[in-house]
Each structure stands twice: as C-alpha cells, then as structure tokens.
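Chains G, H, V and D supply the protein sequences, listed in that same order.
Residue numbering for the first sequence follows full-length UniProt numbering, starting at 1 and increasing by one per position.
Residue numbering for the second sequence follows full-length UniProt numbering, starting at 1 and increasing by one per position.
Residue numbering for the third sequence follows full-length UniProt numbering, starting at 1 and increasing by one per position.
Residue numbering for the fourth sequence follows full-length UniProt numbering, starting at 1 and increasing by one per position.
These aren't lab readings, by the way, just hints derived from the structure by calculation.
Careful: at least some of the hints might be erroneous.
For chains that are exact copies, the list does not tell them apart, and a pair is met inside one copy or across any two.
[Said to hold, decoys possible] Taking lysine-lysine and the DSS-like style, the derived pairs with C-alpha atoms no more than 27 Å apart in a straight line are:
#, residue 1, residue 2
1, LYS17, LYS155
2, LYS321, LYS22
3, LYS374, LYS33
4, LYS259, LYS12
5, LYS86, LYS33
6, LYS161, LYS259
7, LYS161, LYS234
8, LYS294, LYS321
9, LYS33, LYS22
10, LYS371, LYS259
11, LYS315, LYS294
12, LYS86, LYS32
13, LYS259, LYS321
Number of protein chains: 4
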Amino acid sequence: MATGNRIVTFEKPMEMKVNTFKFPELITPQGKKAPHGAILKIVTTNICGSDLHIYRGSFEVPKGMTMGHEMTGEVIEVGSDVEYIKVGDIVSVPFNVGCGRCYNCKHMRSDVCEHTNPEVDCGAYGFNLGGWTGGQGDYLFVPYADFNLLAFPDKDAAMAKIRDLTLLSDVLPTAFHGFAAPDWPAQPAYIVGENVLIFGAGPVGRAGAACAKLLGAGAIIVADFIQERLDLLKPHGVETINLSDGIPIEDHLERITGKREADRVIDYVGLDCRGFGAESDQIVENAVTNALLKYVRFGGMTSTVGVYCPNPISKNRDNKKGSMEVDWASGWIKSPRMSAGQSPTANYNHALMRAILNDRMPYLTPMMNTKIIKLEDAPAAYKEFDDGSAFKYVIDPHGSVAA
Amino acid sequence: MATGNRIVTFEKPMEMKVNTFKFPELITPQGKKAPHGAILKIVTTNICGSDLHIYRGSFEVPKGMTMGHEMTGEVIEVGSDVEYIKVGDIVSVPFNVGCGRCYNCKHMRSDVCEHTNPEVDCGAYGFNLGGWTGGQGDYLFVPYADFNLLAFPDKDAAMAKIRDLTLLSDVLPTAFHGFAAPDWPAQPAYIVGENVLIFGAGPVGRAGAACAKLLGAGAIIVADFIQERLDLLKPHGVETINLSDGIPIEDHLERITGKREADRVIDYVGLDCRGFGAESDQIVENAVTNALLKYVRFGGMTSTVGVYCPNPISKNRDNKKGSMEVDWASGWIKSPRMSAGQSPTANYNHALMRAILNDRMPYLTPMMNTKIIKLEDAPAAYKEFDDGSAFKYVIDPHGSVAA
Amino acid sequence: MATGNRIVTFEKPMEMKVNTFKFPELITPQGKKAPHGAILKIVTTNICGSDLHIYRGSFEVPKGMTMGHEMTGEVIEVGSDVEYIKVGDIVSVPFNVGCGRCYNCKHMRSDVCEHTNPEVDCGAYGFNLGGWTGGQGDYLFVPYADFNLLAFPDKDAAMAKIRDLTLLSDVLPTAFHGFAAPDWPAQPAYIVGENVLIFGAGPVGRAGAACAKLLGAGAIIVADFIQERLDLLKPHGVETINLSDGIPIEDHLERITGKREADRVIDYVGLDCRGFGAESDQIVENAVTNALLKYVRFGGMTSTVGVYCPNPISKNRDNKKGSMEVDWASGWIKSPRMSAGQSPTANYNHALMRAILNDRMPYLTPMMNTKIIKLEDAPAAYKEFDDGSAFKYVIDPHGSVAA
Amino acid sequence: MATGNRIVTFEKPMEMKVNTFKFPELITPQGKKAPHGAILKIVTTNICGSDLHIYRGSFEVPKGMTMGHEMTGEVIEVGSDVEYIKVGDIVSVPFNVGCGRCYNCKHMRSDVCEHTNPEVDCGAYGFNLGGWTGGQGDYLFVPYADFNLLAFPDKDAAMAKIRDLTLLSDVLPTAFHGFAAPDWPAQPAYIVGENVLIFGAGPVGRAGAACAKLLGAGAIIVADFIQERLDLLKPHGVETINLSDGIPIEDHLERITGKREADRVIDYVGLDCRGFGAESDQIVENAVTNALLKYVRFGGMTSTVGVYCPNPISKNRDNKKGSMEVDWASGWIKSPRMSAGQSPTANYNHALMRAILNDRMPYLTPMMNTKIIKLEDAPAAYKEFDDGSAFKYVIDPHGSVAA
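Only chain G is shown next, with the shape it has when bound in the complex (with noise of 0.2 Å):
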C-alpha cells in the first residue's frame, strides 16, 4: 500500500519539479469531510497546453503548487457516499471540478461550479482555482465521483485505447468546445460543410482539427508557425498554414476555398500569442482576438478556448491587467457570434468516449501523436513543450500503457 504522492509542483516560472506529498484523503481543500469523493490511482495525466502558461509565468500560482489536471486512473477507494462509480473502475477525470448540486452543474454549466471554488465560480485541479491537488502525481483525490467521473464500460478495452481516452480529460473536450453553440452547452453547433480556421497547433489546435473532421466540416484549414506541429495534420485532410510565410491569411483561405473569410474561426492559443507575418518573434496579446473578427464571415461564429488572463509578465500595461484592445467596430457589423472559456467537460467526454470506442477517429493518434513520459521526465518535458515540440505529452506514473 502506497503511503507516499510524488506530484509535479511549480517552482517558479520556467521550473517544475517533482516532489513528494502524503497519500491523498477524502478532505476536500477546506478540510472537510467528503463521503462523496474517491481516490485514484492515475494511469495516465497529461501536461496541457494550459500548464504552460504557468511555467512561463503568465498565469500566477503560488511556489510549490502542485500542477495536472488531465487525469485518467482506477479507482482505488471510494467514500460512504458513492453509489455507482465502484473500486477498480477505469475513469476519465474532467479538469473542471463540479459539485453537481448547484445551479449551474445541474443545468450543464460545471465550468463554473458555484460551490467547488469560493473564490469564483470555477473549480479546477492543478490551479489555483479553489486549491484542488493537481494530478501530475501517483495518485489523486476527486471529490463527488458519480458526479464527476467518467467510468469507461469494458478495462482492457479501454487499456487498448488508453493513447486516445486519456485524451477526455480535457484536450480532446476542449476542442470541442470550440465547436459549441454558444447557446446550448450540451451540443456542437452545425458544422457539417463549413471552413473552419483554427489557430494553434498545439495538442488542443490538433484536437481541434479531429474535432471538426468528427463533425463533417468543410475545410479545416489550421495556422501556426511550428512547421513540425502542422506537417502532423496534412496527411489526414487538414490544410495548413504556416504564419511566417509573408502570405496574407485571406489569400491562403481564398486559395483553399475559394473565400477570403471563414464560417467559424477559433482561438486555440490564448495569451502568450505571436504576431503574424513580421511579428512573429514577438508576443502580440490581441493579435489571434482579432483576427477571429477579421477573419470570421459576416454571420459566423468565434470560440475563444484558448485562456486569457492578467498576465504579470508582460511588457503591456493593459495585458497586465488583463485587458487588451479589440477591434469591436468590425465586430459589430459583422453580427458574429461569440464563446469563450472553459470547456464543460463532462457534457462532452462521453460523446466522445463513445466516438473513440466505435474508431470513429482513427485519425486521433497519429494528429496528436502522444509520447509516453515517466513522472520524473516531467519536468524536462514541460521545457521541451514550451520550446515548441510536436509531441503530446503523457505521464504514466505507474509504468501502466503496454508499449
């Protein structure tokens, strides 16, 4: 029996380390008793695009808070009051940390959970957003398990797809949620045949791109400057765009459609983006803000998934704030319509369980192409991430996925 918790911690920006923390115990962060909750053994836990905000320090944590919050793990122990989640399940943890008692969890809205957080109404591992242990770790604390957690129908055969669901945590929703209709949570808006733009290509960008192959989109068209990164999507009917090239985006989106403009344009970057074309080399907070209005069609829709926030770091007094200038008017003409935030995890992830179960996206493995890590490579490949790799990394704490 482990007693022991090895866990990613953030030490300051541009270190991680690993350290080691008591076994986790059904307490929730204010140190109460939770008979709803359960305990995991993590079987994989992925670093996020998200955790790299951290690292850079861009997005503030105090030192030594533990990081991860794309979790997969058995269930090893579960309290009084869990009736259908059982020891020995195989689950997918949502990052965002639900009560599933409050307003907005039972109208499908637990990104922002009014009670998991008492700071605002947004709970997540591995933040400081209501002081949820992160799960880059050996083990972890998840409380309301039936609420929160996905429990996959059959082991080994979610074992033999381990490369895939470990991606419903978060990557995999996430982009989704790009494709939501603003207006209704539970659902993908209508995609079937429309150009998408999508800027990253980063894990969540390349999810993106499967995502909207999964809807029937029309043209799925995704810029980044990471040549690496896009050659990863052309063989599976992605176009590209590569941002330093000098070309204008409206001449690539007319050469590919035949349009200057897209039917839905998403920011999969957030704060830390580049300029385009001559600015690349420098950060550039609104330049992907603005280009959703640029270059979305007069009716369209922007997802903003990418996140924003005060960025402490950077040389914009505005940006420090979190503020940043937008170029509403053209905006405004164009009667767009708008989403940004937080993915509601738990909508999506057993749609998309179900997707990944049925193969209906064989494509998944090879766009995202995953790297199984150690634990203790953790913090070396944060830095790798950061300088730009094209892998998705994934840590099996527990030596767990078959080769």
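Guided by the hints, dock chains H, V and D onto chain G, whose structure is given.
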C-alpha cells in the same frame, strides 16, 4: 434546340412508361407567368424509394402523371427576375418546391411552403402536390430559381463528383433530416457517440448510415430483410441486422452496444413496411412505427422519414384512411422527442455539398452503389428497384455522365 | 416530536383514505441508507390530475399505495452528505425523483433518471415508479436533497406567495413543459405571438394557459366541456371553446385567429379523455391525440403532456394494452415536431419561481382557483375534483397556510 | 398623384434638413430594374437612436444622404414579380434590406444579406450601407417586396394600433434581438425568471425592458443617466438605476436581486456612451462594453445591440479606428456567451406583431412614450432627441395617424 421533353409517367400500379411532352416554359401549373423561374437541361435524375409507393399504388396519383423529384441539371434559360442563378450553372434541385416568400419558407421550412400547392402547405415535383411536372425527363421548369436552386461552385469539379452530388436533391438531405433536431430545422441534433438504429437499407437508409458516420455517431446499426443491401454497409463501420434471422432486435442491440435500446431510432421505410421475424412476408403497416417507440431509450429521439399516407391498396380499413394502431403509452413513459415528415432539403444541401466537395464522405459512393441508366430504361429500373435491388438508380437522359 | 405520518392511500377505484405510517427515515425504498437525503415537514401538498387516473383505476397501482407527488415542505433533517440544503429551508420538491448522478440527470433529463426506479428509467413519488412514498401526508423523505430540492430564497416571502409557489412541484412546470422545445430540455420553444390551442381546462390546462401568457403567446385558446373551469380563464385574455356546443373546433379557431389551425396544440388531458361534440359523454381514448394532429398547422408543434398508460378499465382491447389508433398519415404530411411525456421539473422550477417572486404572473392565483383543505378532507376532495370541480386542491396538513 | 418626395437629409454634424427628391421608381441603387420591388406611401417613420450617431458625426456618412430606416407604409405600386404583397396593404419594413435569395437570407440571417450592399454583407435604408434611399419621407422604394414586407392582416386594426405597430420596423425587434439565443437566430433565448440588466433607457432600451417583460424575465433593471426616461419604466414592474447617483451598480443589483451580477446584460447604447459615476460627463467608449463583462454572472450572456463603428470624432486614437480596450480576461473566466450586431428584423417582426395584436403588451405605449410629429418638424426632433428627450419620435408625413 430541343422541342420535345421525354418524361417517365405513371400508367397504373406496377407500370411506368416514357412519354414525350412539349418543351417546358416559364409558366406555373396554374398558368401564371414565372419571371422567377428557370429551365434546366437534366444532368441526372434519380429514382426514389418514395416513387415506389406510387409505382405500387399505395400513394395514389392520377394516370399519366409525370414522375421524378431528384434532379440535377444545367441551367439553359432564366426568367427576367432571376438575378443570381446563371445560364450554364450546374444546379441541384431540392425536391420541395418553395416560394421563398411565405412565412414558412422565410423560417427555413420550405418543406411546408404555403404557396406552391393550392391544396395543402406542401409542394413537390412529380407528385400530386401542386401539379409541378416531374423531372425524370430531359428538361424541367423550376420556379423561384434564385431561392430553390443550389449552384455548384465549379462545373468540372461538380461533374467529377456527380455520382455523389446527384444525391443532394433528395435522398441525402432526406436521410440527414432523420438526425434533425426536432425543434431546429436548420441543424441536425447532437449525434456524436450516439447509438443509432436505422430501419431500412434501401438508398435512403444507406444514406442515413452515411450521415450518421459524417456526424460522428457511435454504433450505427441498420436493419433490413435484404442481405445484399446490408452487405454494402459492412465494410464502412456499420453494423447490420437481418430482420429475418429470428433473433430479437434487442438481442442484436445488446450484442453490439451493450444496451437493449438505442439513443435514436429512425424509420426510413414508411408505409408498405413488412413485419419482423415470422411475419416478414407480409405488410404490417405499423411495424416500424411501433419499433421506433419500442427500441428508443428513455429520453431518446425518433424520426419518421419514410412516407405515410392513406393507402388505398391496404387490406386494413384503418390504414386505408391513413390511420394505424400506435403503442402510444409505451412512447409516453419514455419522454421521447419525435419528428416526422419531409426534409426541408434547402436547409441541408449546401452543407452536404461542401462536405462532399471537401472529401468528407469517401464512403458515400460505395455505400450507395449508384447505377447510371438511360431514360428509356427507367421503367425497367422501377421494377428491379421494387424487387429489392441494391442499386441506387440514376437516370442520365442526355448521356452527360462519364462512364 | 412527531412519530407518526398520516398519508392519503389508494384503497380501490373511487376510494381514497388517510392512513397513519411511521415517521420517515433516511432510507431508500430498497432499504439502503441515504446520507444524501432529507426529511421534510409538509407545508402544502396538492392533488394532481394524474392522481385522478389512479383514483379512477385507469392507472393501475396496488391497494394501500401512498399518494401524492406535488409537495412543498420545510426541511427538518438532512443526511451527512447534504451540503447546501439546510434545516429550516422552505423547499419545493420536483415530482420526478432524480439521482443527479446518471447520464440522463447530468444531461437535464431528471424525468428519465436511470437509478431511482429499478424497473424503468423514471422515478416519482406516490406512483408505482420506484416505490417512493407519496407526499399527501405530514412528512416526506426526499433522496439526493441537494440535487432535487429547490430552496426558496426567503422564508417569509415564500409563505406570502405559497399559493403560487406550491404549484412549482408539478402542475406549473408540467404545464410549461407543454411549450418545451422538443430537442432542448432546458428551454421552452419560441412562443411569442404563436396561436396556442390547449385541450383541457383542469388545473394543468389552466396552468398551461398561464404559461402561454408568461411566454408572450398570441391567441391562447382553451377547450373543455366544463364551463365553470373555462370561466376562470376568460378575464385573463384567454379565449375558450366549450366542446359541447356543437360548433366545429376549426370554426372556433377561424373566428378567433383567422386561421383553421393553430401553431401549437397541447394535450393536457391524457387517457380517459372524452370525444368531442356528439360523443362527449363517453371516453374516446384517442380523441385528443388525433385532435393534436388535426388542428396543428403544417410545420407546427404538438405536445402530449397528459398521461397515457395501459388502461385496465378501458372497454377497448387496444387501449387496455396502451395502444390506440392514431391518424399518422395526417401527421406525417404536416412535418410536425412532437414531444410527449413527463416534465423534467427541475429544469423549469427555478425560472418559474423567480417569475412568481418578481410578480410576473399576477393572473396565476385567480386562474388556478386554489382551495386549501385539511389532510382529512383529501378523500372527499378527490371525489369533487373527479366530478369536475373548478378548484385546484391544496392540502395543508399542519395548518401552515394563512387564511 | 404625387410627383415629389420630401425626405430628411444629413447636412453636417448637428444639422438635418428636409429636401425634396423625385418620386421613387422600381430601380435599385445600382440602376437595375426591380420587378420584385414595391413603392410605399409612408404611414409612419420613426427617428432611431442610431440616427443620432449620424447626427452627431460619430457614424460618418456623406453630406446630403437621405435618412430613415424605421418605416411603415401603404403599398401603392408593386412590380411584375410581386405575388403576395398587394396594393393597399399596410406593411412594416424591416430596416435590413434582404434579398431572400442568398445563403444568409435563406438561413434567417437577413441582417447580413450578401447581395444588397456591394461593399459588405449588410444592407440597410438610410445609411451608407448599399445606397438604399432613407424613409423619413413621403414615399419609399422597397426591393424584394414579397420577402421583405410584413403585411398587417387587417387595415383598420392596424391603424388602431399604429403607435405600437410602427415599432416593428426596427426598435422593437432590435430590442428583442438583445435576448436572442446567440446560436439560434430565429429565437430568443430562455429568459423566464432571469435577471436582466439593461444599459440605456432611450427608446431601444425601453423597448428592451418591454421585451424582457413579454418574455417572462425575473428582475428587469434599466440603467441610465436621464431620470425622465427611467421614470417611464417604473410603473410597469421595471427597476431603475440612475448611473449618476454614485452608488456602485453591484450594490444596486444586490439590493434588487440579492446577487451582485445579472444573468444577462445588454448594451442598448453603443458608441458615444458615457462613463459611469464621476466620469459621467464624458464619452468613455468602452464603458458599457466592459460593464457587460463585469456585471454578467459566470455562465451568463451578453448582447451588444448598440452600434459600434470607427468613430471619426473621437479623441481616442483607437476609437477612431473602431478599436477599444476590452477586459477580455475577466470575460474569459466567466465562460460567457456573447452576441453583437444588428437584429435580423424579419425573424422577429411577425411574432411581435401578433403579440401586439393579441394585446400582450399593453405597457408598450406608455413605456415608449411616442410623440407623433410632422415631417417638417423632424430636424428639430433630432435635436430634442439628442438632448435627452424621453419621447420616441414618430414622423407622420401624410397626417395618417388619428390624434
């Protein structure tokens, strides 16, 4: 310049014929000038499963009525108030005749146009629904051309994919309509990961399986008696049930999905459907309708896409009037959401065209198993189709389609 | 401290009685501990139209079954895993029993909860749907209290409007469900300006007229045989049809709206409905169901809110099994959208509570015509209600309601 | 027979004038014949808040441009391809010019018509958006009459309610659009019981409060600096905030609703908005936009109905270009859903007409406080309106409206 117009006509049950009519003019069935109309030279014109109801006599029409409502053509003449459709355009004709000017058309319900049929709010070519001449012929008059016609963006690209694009006039959008959100005519419901049970492996049922795949469904299960039709689907990730095998449908469902009910159940059969199992050799008018309510899960959805109408040749007194015994109590307790009726084709054809032109449905051609025939062979094709052929018959009156 | 619990019970058709049971515990019908549950002291508990189906014997239940599913109460005890509901809260109890942990509950379909009834996916108090004790009594056990209960924000304000708030447990949300977008359980469809035809002027039909008014409907038309019930509606901008007047319904519609069909037609009657006109003195099980399809416009919507189930006392062999003859062909050609089944009460009660507390429904009390009665008078009230009384009966077991 | 046509024209900032033009013909601004068009004799034509942006010079238009986009008229001539609109009809003109033939118009997005403005996908009367002649005059040419015009069913009934019906051309549907489901142009979102915070008590803000009431909102709260405008709302169940009172908005919200944020926040102001509190005497271009994000609850909705455009008279360099600093990070964490832009008027006007004709908005006339004026008095009315008058000015060029 052509002066005649050969068109397939209904002579009597089980007998179709090709007759020659005069060349069409820009005149409505009520004899009114139609400056909004256009004349098409037909490129392809398909035989539809609903044409078989007429052929059999179960959908009653007058002797000599012109047949055909699945047309693709080249525009050869436009009226003085046609602004955007041009001579030379290759266009798909939605089988519904909409005016684009009534409340229903303006609200994306061209399936129930208020003006194009003086008798009921529903107009169509090649039925006795407004008197519009059928299009299984050489030429066709189409009213409200700017509103009704879908122009393909590139003529060569269109002819290269004509076997798929010919499906846009009816069978593919009609199949897609089986997935419509009942309350949102513009959009299909959220199907990602859902288990879909389809009754009917004729062309529209096979197109339904293709749409389910395009929309990211989970298990896609098609039930029919004709093994040859089912065999077309198997290589493309579709599960099949041969209804004559004596195994209860719920056992098939459990084997395939682990559950004895499906999330969505669709009737692509309509009247003339046969009972299941032991009863499979005779018409049991309500067999599929009650199967929808029996096999849908609690909280699921059903769609009745197959045609129902008063059936003059039925032996059942109620069916003759269009009425049948429905297991309404079983339905009620499940809180199902249901839709029925014709597809608002114009809502879906643009999206599906772009999905086809962007290569999102490579499985469409093999699943549909299109057979190109000459106009004079149409009467024989009706018989073969009614006998259970696994082809989708596409008439090519002018020899436009490359072999 | 109370030790007994008086509850209305079904003895046999046409006979209800008040029996005394032991005080409730935090234990499920299956004998399992329920730390998630709460005990309520009942403040008000209404008699529902669906209770009359049981009373008449057309919805079969065992002798001695406890009755009641429309409860408002004060929380007097909570289990160890109840976090947000507090002792002293005045709460409304949705008649559906949801677990808040299954797929359906997490997707806003607590009307088809998968866990609270071992037989079918649907649990409720005071029916044989999961064995939950009925609430026409002194006290009630409610499971999953944080998920199920709606707490009123202020106790005094709640008691001041208790005649309206008591309707939130069932009759008002159920009526509201008649306006649901079939595909969007969280939301009513767009009713502004629509002509609504309602069958039934009993409490739920009258509540439906109130909801239509709240939602900005155009003409609101209620049809019934009982003039006294219709008269309650007239002063509030509602049109009425007395079905026994011999005038065809379509003529009434034309007089009121200028059209012979309505945009939305709702069945608030269910089984035991009587035929119209000459047939008005006898049960014609499918009378209202076929009227929905007959009087809805092309492209309109129908809702079946009234209960349908196998009816053991029917003289019709098909109705005994829960089946009936439906004019499906008439429905099909109109492309209707249809919904049926129970209201997901928890989706609507919060919104309706706020509408009431903000004085948006001043017409609710006079239209409902509430009568407060003692618990011992409940059996007599069943008879009066079944005889066609125009009251909504509300039982006040502890004398909590000010005169 | 009239030969001239008096119309209000823009001369220079702060100066409007009435000039006489020649009688309109069935000819588009590009000089093309329009057999689809109609000529109206204007019955009523309102001055809109967006006309004030032109008046002030913050929305730049050429000298001499004809003004007016809120017209109701009598049809006096129709083109040869107009089938359903008849001479003599009293009609409401949606301010958007739609063609009814492009993709957007066919998908209920006539606010972004692709054909009626050669420069951008958005045409309107009385702006430089396609060159369509303004309607603050005697007569008006309307293209695509069957598609665009809403005919009132009865002439006498229409004239009896003309003060309300005149609002259907813009201000009432535009206000209603503030409640649109971002993803569903045909429908308002679910507002029942929601707390709505409205910025602006000018005519469109007051119409927004009326729509919130029609839709069954919970608390309806309107904020403005002009007490006289706010006072019009108080008798009708609307709460008000005078922004100059020095009390933080969040304190007002808490007093009224018990919460410091609202469910939906709507900007009915647009550019030229003033800062709140101490800054209230000067333009702060982003004041309302950031207030939307500040006062919306987590998971709530915002709507930007007020006009934003590059503002040539702004002192702020960014605003001159149409850009402004937005607190995007605050928005992001709340997962808001946002919409912006013009109302697709044709989606809403039919429903609102029926609500008015069925007496569902008796509060509309007193809340709007309509003042009927002569055409020659329009220039003076612009000044009064800009000075903060509490009237909605309605021009009656032919003396059609009974006193």
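What hint numbers does the structure not satisfy?
-> 1, 2, 3, 4 and 10
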